[in-house]
Amino acid sequence: DSGVTQTPKHLITATGQRVTLRCSPRSGDLSVYWYQQSLDQGLQFLIQYYNGEERAKGNILERFSAQQFPDLHSELNLSSLELGDSALYFCASSEGIQADSSYEQYFGPGTRLTVT
Amino acid sequence: GDSVTQMEGPVTLSEEAFLTINCTYTATGYPSLFWYVQYPGEGLQLLLKATKADDKGSNKGFEATYRKETTSFHLEKGSVQVSDSAVYFCALRFGGTSYGKLTFGQGTILTVHP
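The listed protein sequences correspond, in order, to chains P and W.
Numbering of the first sequence is given in this note's numbering, commencing with residue 42 and proceeding in unit increments.
Numbering of the second sequence is given in this note's numbering, commencing with residue 305 and proceeding in unit increments.
Don't take each hint at face value.
Said to hold, decoys possible - In silico contact screen, one side only, chain W against chain P (beta carbon under 7 Å); selected entries:
#1 Gly-347
#2 Leu-348
#3 Lys-405
#4 Phe-408
#5 Gln-410
Hint data in this document are derived by calculation from the structure and do not stem from the laboratory.
All figures in this text were calculated on a predicted structure; none of them were measured in a lab.
The beta-carbon is built from N, C-alpha and C at its ideal position, and this holds for glycine as well.
Using the sequences and the hints given, assemble the complete structure.
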């Protein structure tokens with residue numbers, strides 16, 4: 042158990058809908074990362090937050106957004122869902138901002154999103 | 305941009321066989337390199353890492369050496385077990401303004417038979 046929790050474990054929804062994925066980082070971790078794992082794109086970095094502020098953006102679609110709250114949990118919002126958004130969404134947390142690459146990222150178990 | 309390429313899979317081995325999973329990277333500068341493992345139905349776990357050239361990362365019998373001259377970080381294990389069956393990801397990471405985001409290879413599925 043990494044200490045990172047993600048809810049829900051599974052989500053099935055229809056095209057055009059909006060969903061929210063939730064992540065609680067390990068106790069004391071200030072950084073949260075979101076990654077998407079799909080069959081065609083592999084594992085891709087989406088976005089990172091540090092202590093409530095967005096710090097880095099990857100291949101995140103405009104239909105997707107995220108935020109980190111004062112209690113450090115994070116939510117990833119996916120809207121106008123398409124079939125191609127079906128994927129496993131991972132959250133990871135780390136202690137610091139990793140300017141020196143020394144902080145390990147701990148991954149949650151993921152949320153499997155199925156868009157029908 | 306930065307990228308990681310892993311050997312094509314899946315890889316199927318018998319128990320106690322020798323394992324090599326090749327990983328090469330393309331990057332400007334000198335990233336930290338990682339191997340992550342994903343067991344069925346679980347998230348990713350860090351297996352080992354190396355932060356500079358010629359460093360050797362090791363854990364649970366797995367080893368990988370950071371080779372700057374060949375931009376490689378091949379994963380090896382002398383004797384695999386059935387419990388090693390999983391998906392293995394090679395990844396790189398920069399600090400600084402990249403803020404530590406991981407760039408992953410496509411993953412290699414390993415199946416070990418008794």
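Each hint, compared with the structure:
With a cut of 7 Å, the hint placing W/Gly-347 at the interface with chain P holds, because the nearest CB-to-CB distance is about 4 Å. Given hint, W/Leu-348 at the interface with chain P, holds; its Cβ is 4 Å from that chain's nearest Cβ, closer than 7 Å. This hint holds: W/Lys-405 has a C-beta 4 Å from the nearest C-beta of chain P, less than the 7 Å allowed. A least Cβ separation of about 4 Å between W/Phe-408 and chain P falls short of the 7 Å threshold, and the interface hint therefore holds.
Taken as an interface hint, W/Gln-410 checks out: its beta carbon lies about 5 Å from the nearest beta carbon of chain P, inside 7 Å.
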